[in-house]
Amino acid sequence: MGKQATRISVNGKSHARVVEARLTLADFLRHELGLTGTHLGCEHGVCGTCTVLVDGRTARSCLMFAVQANGSEVTTVEGLVPDGELSVLQQAFIDNHGLQCGFCTPGMLMTLTELLRDNAAPSEQEVREALTGNLCRCTGYAGIVKAALDAAQRLRAGSGA
Amino acid sequence: MGAKHFGARVKRLEDPALLSGRGRFVDDLKLPGLLHACFVRSPHAHAMIRGIDSGPAMTLPGVHAVLASDDLPEPMRRMPIPMLTPNPAIATPRTQTALARDEVCYVGQPIAVVIADSRYLAEDAAAAVAVDFDVLAAVGDCRAGIKDDAPRAHSDLASNVVARFPLVYGDVDAAFGNAAHVFEEVLWQHRGGGMALETRAVLASHDPVADMLTVWSGTQTPHLGRGTLADLLDRNLESIRMIAPDVGGGFGPKAIFYPEEAVIPAAALKLGRPVKWIEDRREHFLCATQERDQYWDVAIAVDADGKILGVRGRMLHDSGAYVPWGVIMPYIAAVTVPGPYVVPAYSLETAVVLTNKVPTTPVRGAGRPQAVFAMERLLDRVARELGLDRAEVRRRNFIQPEQMPYPVGLLFRDGKPLIYDSGDYPKGQDEALRLSGYDKFSHRQREALEQGRLIGIGIGNYVEGTGLGPFEGVTVRVLPSGKVAVATGATSQGQGTRTTLSQIVAEQVGCRIDDIVMTVGDTGAIAQGVGAFASRQSVNAGCSAQLAGEAVRKQIIALAARTLGVGESDIELEDGKAVAATGNKPMVAFGELARLAQGIPGVSLPAGQTAGLEHTAYYTPPQAAYCSGTHVAEVEVDHMTGGVKILNYTVAHDSGRVINPLIVDGQVQGGVAHGIGNALLEWMQYDDNAQPLTTTFADYLLPMATDVPTCVIAHVETVNPLNPLGVKGAGEGGTIPAPAAIIAAIEDALSPFDVHFAETPLTPERIVAALRAAGAFERLFAA
Chain A
377 MGKQATRISV NGKSHARVVE ARLTLADFLR HELGLTGTHL GCEHGVCGTC
427 TVLVDGRTAR SCLMFAVQAN GSEVTTVEGL VPDGELSVLQ QAFIDNHGLQ
477 CGFCTPGMLM TLTELLRDNA APSEQEVREA LTGNLCRCTG YAGIVKAALD
527 AAQRLRAGSG A
Chain B
203 MGAKHFGARV KRLEDPALLS GRGRFVDDLK LPGLLHACFV RSPHAHAMIR
253 GIDSGPAMTL PGVHAVLASD DLPEPMRRMP IPMLTPNPAI ATPRTQTALA
303 RDEVCYVGQP IAVVIADSRY LAEDAAAAVA VDFDVLAAVG DCRAGIKDDA
353 PRAHSDLASN VVARFPLVYG DVDAAFGNAA HVFEEVLWQH RGGGMALETR
403 AVLASHDPVA DMLTVWSGTQ TPHLGRGTLA DLLDRNLESI RMIAPDVGGG
453 FGPKAIFYPE EAVIPAAALK LGRPVKWIED RREHFLCATQ ERDQYWDVAI
503 AVDADGKILG VRGRMLHDSG AYVPWGVIMP YIAAVTVPGP YVVPAYSLET
553 AVVLTNKVPT TPVRGAGRPQ AVFAMERLLD RVARELGLDR AEVRRRNFIQ
603 PEQMPYPVGL LFRDGKPLIY DSGDYPKGQD EALRLSGYDK FSHRQREALE
653 QGRLIGIGIG NYVEGTGLGP FEGVTVRVLP SGKVAVATGA TSQGQGTRTT
703 LSQIVAEQVG CRIDDIVMTV GDTGAIAQGV GAFASRQSVN AGCSAQLAGE
753 AVRKQIIALA ARTLGVGESD IELEDGKAVA ATGNKPMVAF GELARLAQGI
803 PGVSLPAGQT AGLEHTAYYT PPQAAYCSGT HVAEVEVDHM TGGVKILNYT
853 VAHDSGRVIN PLIVDGQVQG GVAHGIGNAL LEWMQYDDNA QPLTTTFADY
903 LLPMATDVPT CVIAHVETVN PLNPLGVKGA GEGGTIPAPA AIIAAIEDAL
953 SPFDVHFAET PLTPERIVAA LRAAGAFERL FAA
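Protein chains in written order, with the working numbering: chain A, 377 to 537; chain B, 203 to 985.
Bear in mind the hints are in silico, worked out from the structure with no lab data behind them.
Treat the hints with caution; some may be incorrect.
Distance condition first, Cα-Cα at most 35 Å in a straight line; then the derived DSBU-like pairs of lysine-lysine [unchecked claim]:
no., chain 1, residue 1, chain 2, residue 2
1, A, LYS522, B, LYS779
2, A, LYS379, B, LYS685
3, B, LYS642, B, LYS847
4, B, LYS779, B, LYS206
5, B, LYS847, A, LYS522
6, A, LYS522, B, LYS472
7, B, LYS509, A, LYS389
8, B, LYS629, A, LYS389
9, B, LYS213, B, LYS685
Over the 12 Å line for every Cβ pair with chain B, so calculated as not near, a few chain A residues [what the hints assert, rightly or not]:
no., residue
10, SER385
11, SER390
12, ARG398
13, GLY432
14, GLN444
15, GLN501
16, GLY516
If you want a taste of the chain B side facing chain A, the calculated C-beta under 8 Å gives, among others [claimed, not checked]:
no., residue
17, SER222
18, ASP230
19, GLN871
20, GLU961
Backbone N, C-alpha and C define an ideal beta-carbon position, used for all residues, glycine too.
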């Protein structure tokens, strides 16, 4: 298998590796870098569990090869906030029971991080539509939607908006 | 001390790690020298294996081994995986061997395993393993399979019928002979999957120094798994440790023991290296067990007022190719039919039939959604035919609270008479109707119709046997650090087991909830265990936590009283300290007491003192705990596209005393989502040769955030008098009546066209087809 030199910045830290061209970005993150917070639920691009931010935009890390992220800035769940702290969104997930098994949760957080960055005051319908690319089998989504709306409100209050 | 934790919306202890990417699921675990596995599986639903050529695969880079059946150790090589739920009614107790030997009986059945340096290389090599098959005729449908001239699902069987069992009470013939009305329905509920977002996963490692085989498995039942593996490897239980670390959803299919849980440990033993297998989603569609294919032919006899005189019928259950969980689901279905209603006479003939599909074992609900669908469809029919309100028909037939405890007249799956312990079914329905605005619905429906919108409402009632035994255990131990160690055989796939049990223990022991160190799902932590299924953990493990906590509390108080020189009645326990209520209120911390309770080497303990501050309780429930509820679904149907939107969804739920409303609400909401999938979306398509056709999430649709409304949930608590916490199960009730309520609502929305539905899932094309068959479009376009 052909190998290629790849340099990817993940959560602000640059990683240079020589990897097989067929190595997915998800497996690169999980197994090369040990960032196992990014999970794999279907490996065919539907469930959204493996969602990360690539150059600030959500992407399915199971459908991308690591080499395609060469030169990019990738953010994973581990990079949302420094170790030992929780973001406003993460805290809202706790307060609103936005997770049960926690397996889909990292993908949910990445999708909602993008949404709340781009839309400070989403409606419930906008939150639900943003989440259609992320499947959850445990929660029935109610707690996730509530957490997103709660986080949006807290972020607006915090920024004085 | 008042209740600080029990009954409170305590935030989950599990959440911070899971939210920050610090969960520990099986695929997150790394061991030195780790190898990776990929299985070679049958592409045919039914075939004989003529030969396996692993030569080309072995030449590929990074391949360490290709193992087929003959490469497995005895007795695993030949021994069928033991059935966990045997029953004398099972004529052909077929279970599969770890790897198929001569015959494969469903698509995806494992034949060989490739072990390589990476998952990528293992997959490459698996594709290079050549298996020579003689393809046999397959049984693709249990209705065909039950016939005498059908092909056999296993070539050596005389019949595909696994079991037949009649369940009868009362004088059914008289009930039907004397009835003012008899109505019959022919119903079908289709199979789907658990579809946990984390696929199955196994990691095994053998430590030759300690001769300890450690297996991490994404399972609901590690203790059962350890026992089964010990049988298959002929090893002592004590030399196997099975751990279910963080598990990404269960929903039933992860409760059984799978071939991969045998093969991966065997490979690790053989190669002397740790081996990991992570199921991919396609494998999950092929090989993880499914449920719900049942065909019902049922009739109800009622008097002129719509009061039930009797129910009778036949039911056919598709068990798939094997019966790893026995005939539990069809049995549960058969005894769940009477539900919250007085049914004076009942008869159901059940036949369980083998097909060449992946085996069926419980999926959230386990036979109950089908039974509830049957009963509720019958009652909707009675209402329609007699011109009665659907809620009123149910009201006339409810078992009344003063009739509790109520013996139904059947034996339940726990082997005990089916006796409802408690419940107030009329109150539950009234509450759900009130919250859903049921009495104003006809007004809403008329208004919508004037705007050209079709909306409908449906009701589903159920009673569910939960909290099944035999037992679950909890150990509570105060540590010299002052922390309180808790260990349990209960497991967690998202239910918040850790939080719920911590609430109970903290309440009893008098420690801070943050000072509890809990081990769940680890056979190394507690000797006996059963695991998660049948909405059983709050009842079984919850009561054990209560009993163990009470015992340790007494030990702490006794030791603290002696230490402080006060009477036991003067001791209060708070935040990890024992405080005397007298004098200048001296206190002693739990950690100090734990050290004292270890004694001094060689010195006798004072009379009455036991070793350490520690107790293990194994609560054994006397029978199932019967929870109940009413669901009301309000939907809008687009008659041109067949699209269904759920506008409002209301649940009144009785799971006894609620330990943590935050968690129970989450269970109900999540259960409803699963029921919505079953009712509208989840279609596991097989062709006539039992070849699965829907093996991605693009083909098999799970409910999305736009498909599931936020439910209005009310807890109508009746205390379970049979256990010390007064609790009942809560994990499956959200799913059970959802298809019945939703299908009824769709039918109601389409009442202008007089179409009727008798199956799930009710997909848009099926709705349009029914409308077309009813001539709806001619009428619409003529108008």
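Here's how the hints hold up against the structure:
1. A hinted pair counts as satisfied when its Cα atoms are at most 35 Å apart, and A/LYS522 with B/LYS779 does not qualify at roughly 38 Å.
2. This hinted pair does not check out: A/LYS379 and B/LYS685 have alpha carbons roughly 51 Å apart, beyond 35 Å.
3. For the hint linking B/LYS642 to B/LYS847, the alpha-carbon distance of about 20 Å falls within 35 Å, and the restraint holds.
4. Under the criterion of a C-alpha separation no larger than 35 Å, the hint pairing B/LYS779 with B/LYS206 is consistent with the structure, at around 16 Å.
5. Annotation: proposed proximity of B/LYS847 to A/LYS522 holds, straight-line Cα distance about 20 Å (limit 35 Å).
6. Between A/LYS522 and B/LYS472 the CA atoms are separated by roughly 50 Å; this puts the pair beyond 35 Å, and the hint is violated.
7. At most 35 Å may separate the alpha-carbon atoms for a hinted pair to count; B/LYS509 and A/LYS389 exceed this at roughly 72 Å.
8. Our distance criterion of 35 Å between C-alpha atoms is broken by B/LYS629 and A/LYS389, whose separation comes to about 60 Å.
9. Note on B/LYS213 and B/LYS685: the hinted pairing holds, with a Cα-Cα distance of about 20 Å set against a maximum of 35 Å.
10. With 12 Å as the threshold on Cβ separation, the claim that A/SER385 sits away from chain B holds: the shortest Cβ distance comes to roughly 17 Å.
11. Even its closest Cβ contact with chain B, about 20 Å, leaves A/SER390 beyond 12 Å, as expected for a residue assigned away from the interface.
12. Interface exclusion of A/ARG398 from chain B breaks down, the closest Cβ pair being 7 Å apart, not more than 12 Å.
13. No Cβ of chain B comes within 12 Å of the Cβ of A/GLY432; the nearest lies about 19 Å off, and the non-interface call holds.
14. Every C-beta of chain B lies more than 12 Å from that of A/GLN444, the closest at about 17 Å, which supports listing it as non-interface.
15. Against the 12 Å criterion, A/GLN501 falls within the reach of chain B, whose nearest CB is about 8 Å from its own CB.
16. With a cut of 12 Å on Cβ distances, A/GLY516 falls inside the contact zone with chain B, its closest approach being about 3 Å.
17. The criterion of a C-beta within 8 Å of any C-beta in chain A is met by B/SER222, whose closest approach is roughly 7 Å, and the hint holds.
18. Interface restraint check: B/ASP230 against chain A, minimum CB-CB distance 4 Å, threshold 8 Å, status holds.
19. For the restraint placing B/GLN871 at the interface with chain A, the shortest Cβ-Cβ distance is roughly 4 Å, inside the 8 Å limit, so the hint holds.
20. Interface restraint check for B/GLU961: the shortest CB-CB distance to chain A comes to about 23 Å, outside 8 Å, so the restraint is violated.
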